[in-house]
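**Student:** One-letter residues, chain by chain:
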Amino acid sequence: MSKQLKQIAIYGKGGIGKSTTTSNISAALAESGLKVMQFGCDPKADSTNTLRGGEYIPSVLELLAERRRVDAYEAIFQGFGGIYCVEAGGPQPGVGCAGRGIITAVELLKQQRVFEELDLDVVIYDVLGDVVCGGFAVPVREGIAEHVFTVSSSDFMAIYAANNLFRGIERFSSAGGALLGGIIANSINTDFQREIIDDFAARTATPIVQYVPRSLTVTQAELSGRTTIEAAPNSAQAEVYRELARRIADHTESKVPTPLNQQELREWSARWADHLVAAERAESERQREVA
Amino acid sequence: MAINLKTSSVETREQRLGTIIGWDGAASSLAEESAFSRGDCASCGSSRGAKARRVCELQGPFTQGSVCSEQMVECQAGNVRDAVLVQHSPIGCGAGQVIYNSIYRNGLAMRGLPVQNIRFVSTNLRERDMVYGGAEKLDRAIRAAFDRHRPNAIFIATSCASGIIGDDVESVARACEADLGVPVIPLHCEGFKSKHWSTGFDATQHGILRQIVRRNPTRKQDDLINVINLWGTDVFTPMLKELGLRVNYVVDMATVEELAQMSEAAATVSFCYTLGTYLAAALEQDYGVPQVKAPQPYGFAGTDAWLRELARVTGREALAEDYIAREHARVKPLLAALRPKLKGLKGYVATGSAYAHGMVGVLRELDVEVDGSLVFHHDPVYDSEDPRQDSLGHLVETYGDVKHFTVGNRQQYQFYNLLQRVKPDFIIIRHNGLAPLAARLGIPAIPLGDEHHALGYQGMVNLGESILAVLQHRKFHQDIAGRVRLPYKASWLAEPDPFALARLATV
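Chains A and B are the protein sequences, given in the same order. All residue numbers for the first sequence refer to UniProt numbering, where the first residue is 1 and numbers rise by one. All residue numbers for the second sequence refer to UniProt numbering, where the first residue is 1 and numbers rise by one.
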C-alpha cells in the first residue's frame with residue numbers, strides 16, 4: 001500500500017440519516033480528489049443509492065447466495081466521483097442473521113486484499129442502526145475502522161442508540177477496537193435541539209464534529225437519486241457536508257467514550273423532558289400575556 | 001494467488017482454488033478443465049485475474065453426510081502434543097474426538113512417542129450462550145485449559161454456533177495470550193463457511209503460520225525437512241536419511257517447538273497435496289522455505305521425480321541417484337512376483353483427492369485394472385499453482401485415463417451406483433464409513449488408516465500384499481451381500497447415473 005488508508009465507520013439509529021450523511025461525506029471527499037469506498041452494511045443494501053443515481057447494486061451476500069465463489073470485484077461498482085460502492089446486503093426481514101452477513105462481506109473483501117489493490121484513501125462503513133449483536137460490532141471491534149462517528153439528532157431514541165454505540169466502543173477499546181471520533185449532530189434546527197445534543201456530548205466526553213441542519217435541499221436531491229453535493233453543489237447544505245467531510249478527513253485522534261448507564265440516561269432524559277415542558281409552559285404564558 | 005496471512009480467517013478452498021465437490025467424467029477431462037491445464041472453464045463463466053478457478057460443478061439437491069472443517073481442526077490442532085484445543089462449540093461438535101483419540105494414541109505408539117490422550121476442552125455452548133454470547137465462557141475455558149494442562153500453545157476451534165452469533169473470539173484470544181504468556185490461536189473453521197472440509201486443514205495451518213512459526217529465525221537447519229502428514233508410520237525418516245536429511249513431522253503429533261522451527265527447514269514436502277498445499281505454499285511465500293514441486297511420491301515415476309526434486313532443492317543429487325537405483329533393484333523383483341497374482345483384478349479408489357491420484361498410480365504399477373475412482377473434492381489448482389504439482393495431470397499422463405472419475409462428497413446413495421457401474425473386486429478407502437456399503441455389495445475394502453502405507457517404492461509392495469490379504473475375505477463379503485438389503489428404492493437401485501438427482505435439480 002503506497003499511502004495510509006483511513007477507515008471510518010458511521011453508526012446511528014435507523015432512519016436518522018446515516019446513509020444520506022455518509023454518501024454526502026463520500027461525495028465531498030471524492031470531490032476533493034480522494035479515492036473513496038463506501039461500504040453499506042445494511043441488509044436493505046441502499047446505502048450507496050444516491051451515489052449511483054438512485055440505482056441498487058447487487059450485494060456481496062446476493063452474489064454469495066447465487067454461487068460459492070465470488071470475486072470481490074464483482075460486488076464493487078463505481079458511482080459519483082469514482083467512488084467505489086459496495087453493499088454487504090443481508091437476509092429478508094425476519095429471516096436469518098444480518099450480523100453474520102456483515103461479517104461475511106467484510107471478510108471477503110479483506111481476504112481478497114481489495115483495499116490494498118484499489119489503493120484507496122478512505123473507506124467509510126455505513127452500518128445499520130444500532131450495535132445489536134456481534135455482527136454489527138465487527139467494524140468497531142476488530143479495528144477494521146479506526147474511527148467511529150455516530151449520527152444523532154436530539155431525539156431521545158437517537159441518543160439512546162448513540163449511547164449504546166458508546167458502550168460497544170468502550171467494551172472493545174482495550175482489545176484494539178476502533179475509538180470514537182465524535183457525534184454528527186443531524187437535523188439540528190433549533191437552539192433547544194442543539195442544547196440537548198451538546199449536553200449529551202458533554203456528559204459522554206464526546207466532541208460534536210458538525211451540526212447538520214434539516215434541509216429541503218437534501219430531500220430534493222435524494223428524490224432525484226443524488227447526493228446534495230452532486231445535485232446542489234452550490235447550496236449552503238452542500239457546504240455543510242463539505243466542512244463535515246474536511247473535519248473527518250483531518251480527524252486523527254479518537255477517544256474512548258464515557259457512556260451513561262441506563263439509570264443515568266433515564267434521569268438525564270427526564271430532566272430534559274421537565275425542562276422542555278417548563279419552557280413550553282413559559283412560552284405559552286408569554287404569548288397569553290402578549291395577547 | 002498469494003496467500004494472505006494478514007487476515008485472521010483463512011480464505012476457503014472454493015474461493016482460493018475453485019474447489020468443487022460434484023463432477024463425473026473421465027479423469028483426463030477433469031485434468032483438462034483444471035487450471036493447471038488451461039484456466040477457466042468457458043461454459044461456467046470466467047474468473048477475474050488470479051482469483052478462484054472455475055470448473056463446471058454438479059450440484060446435488062442434498063448432502064447426505066460428511067464431515068466439516070471443524071473436525072479437520074480437531075484432528076490436526078487437537079493432535080499437537082503439548083498444546084490444548086479449546087472447541088468453542090456445542091458439546092456435540094466434540095463427538096468426533098472419540099475416534100480421533102484412538103487414532104492419535106495409535107499414531108503415537110507407531111512413532112514410538114509417549115502415548116497420551118487428546119487434550120481438548122469444549123465450551124459447551126448452549127441456547128443461553130447463543131443469545132447472550134459465549135465470549136466469557138470461552139475466556140474461562142481457555143484459562144481452565146491452561147491451568148489443567150500447562151500447554152505451550154492453546155488453539156481455539158470456532159464452530160457454526162460461535163460463528164453465527166459472531167462471538168469475538170479474536171479479542172478473547174488476545175487478552176488470554178497476554179495474560180498466559182503462550183500463543184492462543186483462533187482457528188476460524190465454522191462449518192458453514194466451506195462446502196469442503198479440507199478448508200479445515202487450511203484453517204489450522206493458517207493459525208500456526210500466523211502465531212507459532214518462528215519469524216526471522218536466527219538459525220537455518222539445512223538438513224531439516226518439514227513433512228506435512230497425519231498419523232502414518234514413520235517411513236520418511238529412513239527414506240530421507242539416505243539423502244542425509246532429518247524429518248520434521250507436522251502438524252499431527254508435533255510439538256509446538258517443532259511447528260515453530262518449520263521456518264528453519266531446508267524444504268517442505270507432504271504425502272498429499274490436499275493436506276499440504278496451504279502450509280507448504282505459505283512457508284515458501286512468507287518464510288522462504290521452498291516446497292518440493294514434483295509429482296507426489298507414489299509409483300516409480302512419482303517417487304523418482306519427488307526424490308530428485310527434493311535432492312535438487314537440498315543439493316544432494318548424487319545421494320538420491322544412488323538411493324533410487326538401489327531401491328529400484330530391490331523392489332522390482334518383489335513387484336514382479338506380485339503382479340501375476342494381481343493381474344486381472346479390478347480396484348476402485350475412494351479417498352481424498354490428491355491421495356487418490358497417487359493410489360490409482362500405485363494400482364496401475366501393480367497391473368490392477370482401475371476404471372473408476374471417487375475423490376471427495378477436487379482442487380482445480382493447488383496453492384503453488386505450479387504444474388509440477390498437478391497430481392491429476394501426472395496420473396493421466398503417466399498411467400493413462402480413468403474412465404469413471406467422480407468427484408463427490410462421500411454420498412452413500414451415490415456410492416452404490418458408482419460401484420455398480422464398475423463392479424470392482426476390492427476398494428481402497430481411508431474413511432471407514434464407505435466400507436459397510438461396499439461390503440453389502442460383496443466388495444471388500446482396504447482401509448488405509450496408515451496414510452504412508454502405499455508411499456514410495458516399498459509402498460507399491462505394501463499395497464500389493466494388502467490387496468492379496470483382503471481378497472482372502474471375499475467369500476465373507478459375498479455372504480454378506482447375499483443376506484442383506486439396501487435401504488434404497490428399486491428405482492434408485494436401477495439408476496445407472498449416480499448424479500441423476502443432481503442433473504434433475506439443475507434442469
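Derived by calculation from the structure, the hints in this document are not laboratory data. Note that beta-carbon positions come from the ideal geometry of N, C-alpha and C, so glycine has one too. Do not take every clue at face value.
[To be verified] Pairwise CB distance ranges (calculated): (1) B:Ala144 <-> A:Glu116: 32 to 42 Å; (2) A:Pro93 <-> B:Lys489: 39 to 49 Å; (3) A:Arg203 <-> B:Arg174: 24 to 34 Å; (4) B:Tyr132 <-> A:Pro93: 54 to 64 Å; (5) B:Pro61 <-> A:Arg246: 47 to 57 Å; (6) A:Pro58 <-> B:Ala469: 52 to 62 Å; (7) B:Tyr488 <-> A:Pro58: 38 to 48 Å; (8) A:Pro58 <-> B:Gln59: 42 to 52 Å; (9) B:Pro61 <-> A:Gly82: 22 to 32 Å.
**Student:** Are the hints correct? Go through all of them and say.
**Tutor:** Here's how the hints hold up against the structure:
{"no.": "1", "hint": "B:Ala144 <-> A:Glu116: 32 to 42 Å", "result": "holds (39 Å)"}
{"no.": "2", "hint": "A:Pro93 <-> B:Lys489: 39 to 49 Å", "result": "holds (40 Å)"}
{"no.": "3", "hint": "A:Arg203 <-> B:Arg174: 24 to 34 Å", "result": "holds (31 Å)"}
{"no.": "4", "hint": "B:Tyr132 <-> A:Pro93: 54 to 64 Å", "result": "violated (24 Å)"}
{"no.": "5", "hint": "B:Pro61 <-> A:Arg246: 47 to 57 Å", "result": "holds (56 Å)"}
{"no.": "6", "hint": "A:Pro58 <-> B:Ala469: 52 to 62 Å", "result": "holds (57 Å)"}
{"no.": "7", "hint": "B:Tyr488 <-> A:Pro58: 38 to 48 Å", "result": "holds (41 Å)"}
{"no.": "8", "hint": "A:Pro58 <-> B:Gln59: 42 to 52 Å", "result": "violated (21 Å)"}
{"no.": "9", "hint": "B:Pro61 <-> A:Gly82: 22 to 32 Å", "result": "violated (44 Å)"}
Comparing the model with each earlier hint shows violations of hints 4, 8 and 9; every other hint is respected.
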